[in-house]
Structure formats: C-alpha cells, structure tokens
Amino acid sequence: MTASPTAPAVVAALEVEHVSRWYGNVVAVNDISFGLGGGVTGLLGPNGAGKSTLLHLMAGLLAPSAGRVLVEGASAWRRPEMYRHVGLVPERETVHGFLTGREFAALNARLQGVADPAGAAARAIATVDLTEAADRPIGTYSKGMRQRAKLAGALVHEPRILLLDEPFNGMDPRQRLHMMTLLRSMAAEGRTILFSSHILEEVERLADSVLVVYAGRLAAAGDFRSIRRLMTDRPHTFTVRSSDDRRLAAALMADASVFGAELVSGHVAIRTADYDAFTRALPRVARDGGVTLFEVRPTDDSLESVFSYLVRR
Amino acid sequence: MTVMTPLIEVTLRGLLGRRRTILLALLAGLPVLIALLIRVSGGRPDADRILDTLVVRTVMPLVALIVGTAAIGSEIEDGTAVYLIIKPIARWRIAAAKILVAAGLTAVMVIPAVVLTSLLLGRNDMTTTLVGFTVACFVGGSAYAAAFVALSLFTTRALLLGLAYVLIWEGVLSGLLEGTKFLSIRQATLGLAAALGVDVPGEPLAAGVSVAVLATVLVGAFALATWRLARFEIRGGD
Chain A
-14 MTASPTAPAV VAALEVEHVS RWYGNVVAVN DISFGLGGGV TGLLGPNGAG
36 KSTLLHLMAG LLAPSAGRVL VEGASAWRRP EMYRHVGLVP ERETVHGFLT
86 GREFAALNAR LQGVADPAGA AARAIATVDL TEAADRPIGT YSKGMRQRAK
136 LAGALVHEPR ILLLDEPFNG MDPRQRLHMM TLLRSMAAEG RTILFSSHIL
186 EEVERLADSV LVVYAGRLAA AGDFRSIRRL MTDRPHTFTV RSSDDRRLAA
236 ALMADASVFG AELVSGHVAI RTADYDAFTR ALPRVARDGG VTLFEVRPTD
286 DSLESVFSYL VRR
Chain B
318 MTVMTPLIEV TLRGLLGRRR TILLALLAGL PVLIALLIRV SGGRPDADRI
368 LDTLVVRTVM PLVALIVGTA AIGSEIEDGT AVYLIIKPIA RWRIAAAKIL
418 VAAGLTAVMV IPAVVLTSLL LGRNDMTTTL VGFTVACFVG GSAYAAAFVA
468 LSLFTTRALL LGLAYVLIWE GVLSGLLEGT KFLSIRQATL GLAAALGVDV
518 PGEPLAAGVS VAVLATVLVG AFALATWRLA RFEIRGGD
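In order, the protein sequence lines correspond to chains A and B. Here the first sequence is numbered in this note's numbering, starting from -14 and rising by one per residue. Here the second sequence is numbered in this note's numbering, starting from 318 and rising by one per residue.
Hints are computed from structural coordinates only; laboratory data are not their basis. You may find that some hints are simply not true.
[Unchecked claim] In silico SDA-like links for lysine to any residue, alpha-carbon gap of 20 Å or less:
no., chain 1, residue 1, chain 2, residue 2
1, A, Lys128, A, Phe153
2, A, Lys128, A, Asp101
3, A, Lys128, B, Asp395
4, A, Lys128, A, Glu88
5, A, Lys128, A, Asp193
6, A, Lys128, A, Gly155
7, A, Lys128, A, Gly58
8, A, Lys128, B, Gly554
9, A, Lys128, B, Gly396
10, A, Lys128, B, Arg408
11, A, Lys128, A, Met156
[To be verified] Pair ranges (Cβ atoms, derived):
no., chain 1, residue 1, chain 2, residue 2, range
12, A, Asn32, B, Thr473, 20 to 26 Å
13, A, Ile184, B, Val489, 54 to 60 Å
14, B, Gly488, A, His3, 49 to 55 Å
15, A, Gly22, B, Glu326, 51 to 57 Å
16, B, Leu477, A, Gly9, 20 to 26 Å
17, B, Ala532, A, Gly52, 38 to 44 Å
[Stated by the list, open to error] Computed, partial: chain A to chain B, Cβ under 7 Å:
no., residue
18, Ser37
19, Thr38
20, Tyr68
21, Thr79
22, Leu96
Model, not experiment: these values are computed from the prediction. All C-beta atoms, glycine included, are put in the ideal place defined by N, C-alpha and C.
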C-alpha cells in the first residue's frame, strides 16, 4: 500500500525492530520485534526474563546491541528531546528521599521545562491520589506511596507515551485498583501505555494486549484473550494421590480430557490438554470408581512453565 | 538557565546531607585549627607553608574528591540519576551543573580556610599569600572537582581512584618523576600560586604551563562528562 501525499503515514508510537541486547556473553534480549500504538499493553514475563532491559531500551536508557528502537518514528537512543513526550516509571524504588512528594513532582516539571511547574506538580499529585502525603519527605513514604510519587513525576508533562516497570510493586489492593483505573483512563485519551509485570492477573485486569517475554525472547504477542487461551489450552500435568492409584488411572484414561496417566511410586501423574474439563471430570471419575482422592496438585502451573511452553510452541 | 537552576538545587541538596557537611567542615577547619594553635602557642607564623602543605596538598583535593565524586556519582549509585537522564535536557547542561556545584562547594569550603589561615599566620606579605592562594585554590579546586565529576561517570570506584591519584600519583610519584609534574593538578595549582607571588618550595611549574594544565583539566573534564552522559546507560533490573 502506498500512502497518499496528503495522508501522513501512521507511525506506531513505539517500534522495536529485531532488537537484541547482550552484556558480554549474556543475552538479555534476543531479536525482539513489535510495534505499539495507543492503549494499554502488558509486558509479561517471569523475573529475569528481560522485561526491564526491554523497557530501558525503549526508554533510551540502553543502546541496542543489534536492531533499533523507534519512538514516534525516531531512534530512542541518544535523543533526549524525546522525553518531552515520554514518561518513565523505573522499577528501582529509590527517589530523592530528602524531597517531599510535591517537591519531587515539581522538580520533574521544572526539568521538563513545563510552563507552570507548581500547578503541574499539584495536578499530578492529585491524579495519583497523593495529596495528603505530598508535603512529607519521600524518605518517610511506604513502598506504594513511593510508586505513586514516581508516577506523579512521570506524569507532570502529560506524556503521550508512558513506560512503567513493575508499577504495582508494593501497592495495596486499593492503590492498585486506583492506578489501574487511572492508566485505563489515560489510555482512553489515546496515550500509549506499556507496563511490565510478572503477575498474570495484573496484566489480565488492565492490558488490552500483551507481550510475553521469556528468557530474552518474545514468546507471544497480541490480544490478551488469545494468549490466555494458549496458556490454558497447553498440556497440563497433575500429580494425584488416592486410595487406589491403579484403578483411578485406568478410569481416567477412559475420559476424553486425559491423554496420559502414569503410575509413579505413591501417586499417578496425569497429562491433560483441557484443564477445566479434567478438573471437572476427576472428582466424578473418582466417585464413580469408589476411589478416595488424597491430593490433587498441578505440577507445571508456575508462570515459568507457562512461558517456557509458549516459547517452545 | 531555567533548567540549570533545578539541576543545581537538587545537586546541592543531595550533597549537603548532614554527615557529608560535617565531614567537609571538619576537613576545611583543620588548617584553621592548626593555624590557631600555632598562633596561640607562639610558633613561627608561616602561612605559605601551612597553605601549601595542608590546604593545597591535602584539604583542597580531598574536599574536591568528596564533593566531585558524589555530585553525580551518588545519584548513579542510588539510582536517582535516572530522573535526570530521562529529561529533555542537553547533556552538556547536566555536566555543567554538576561541575559548577562541585567546584562552587569546594571553593566555599576551601577559600574561607585559605583566608582565615592567611589572616592568622600571615606576615608582612600577607596580601600576596592571601590573593595568590585564594586564586590558585579557586582554580585548582575547580579543576580537581571537575576531574572527579568526570571520573565518577566512568567508574563506580571514583572515590578510591581519586584518592589513589591524590595520595600516590601526586603525593609520591609526581615528586619523584620531575617530567610528570605537568600531569598533576596540585603542581599546576602551586605553579599558579607561585606566578602570583607566593613563595612555593622547590621548582614550581611555569605560569603558562600551570594555566594550560588547569584549563585543560577543566575543559577536558567538562567535555568528557558531556560525552559520557550522552552515552550513559542505565541497566534494567534483569
């Protein structure tokens, strides 16, 4: 398709093109490509997957070892002027402890060159619901309050792109809900919001689309529901201990949800492709066979195994 | 200047924590205290000797080292530097603000010590001592501070390396190896003081060489700090 001369080509807010980043022999990010426009995107992955490195690459805090990162069509690396439109909430907790929340927000506004720093700071402080504690030194803040102070600092210049590294760390459920509502409303205004998390439920509740990163690679990208389906439909393994493992294994093999049952010393290892159907069938099969269940335990339900499955897929 | 002001303010507030301020004041007060003791005990007043050995050789580089390596080094170490880096500010402005604060604070600590020591121990030529050392310490202290600011952008061990430079290179080697004098900020500071009429022991560097060395350090440190800041990377947590 060729763009007409009168219609400017639509530029994705953030474009990551075959980006890799390594430190010596360690590859932190491995040939990742994607583009992001308006809305909330969750960057999901276990700790150490490369989420922070990827966010820092997008924030212009790291140079790609290969590939390129574009923010609104221009390189993110060594381009300070892009920060007029980009806000970042880093993962690291440290904020100038000797400043009050209001002073910190005002400092950010002044460094951004905002016309009315005090007004911008007051608005940002109110937006993140920190007004009551705004005049206390940040050194006295709880972890959740620091997170909100950091967010206030990132919002003072009303950025078009907002990058947040594990923003919900240390927040209580009420603060978390408030932050989610806030981010959703900002996304509704057309901003591009990317936040990282290692908690599936956070991403599920907030993100329109998801990038799943595992071991430095992009394991999956797209609409959250389709990725969730992939995660749910993958093969699952359960360990079951019962009063008669042999009879239970034989009975379960007759059920459509089960495609493998193995007698191991002291328990049965069961493989299923349908998590929901199996968990519904198991008690029924056990009851019909007169078997008492002592323990039912999913053995591969950690996020690690989910991500690992997505990468192998 | 609008962006420089908050940069300077936050750097100053960060640097003037209670412990660091007390340490700096104690360091700067040392020559004054010794001058006072000499004065009270009726010892031979020799401001030039005290200012040379205590201020130029010890207090000034140490104050500049503490202030210079912390001006941005402490922000890099505790992670708050990211809030400066992610701003639409030309990197030379950040470098300039950090060097200005470090040099200014060094001067604020060292110059009163020079003045008070000169007043307490000065002889007939007190004005020469006062002016010579004040100017030399202002320029020399600024050069030290700028060099240490730049150093802290290249290594997390700036304090240790700076200390090694002051104590080992300047304290021992540049005295033994005559040809390396021009690589010493201390020797250039003393050379400048000598050019302004101060009685400096040994053979000080020529006035032109001293000025060139100090100017090169100042400009070079500023250029290096700017260059480094433009490429400064902050790693993610994973």
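Hint check against the structure, violated hint numbers in rising order: 2, 5, 7, 10 and 15
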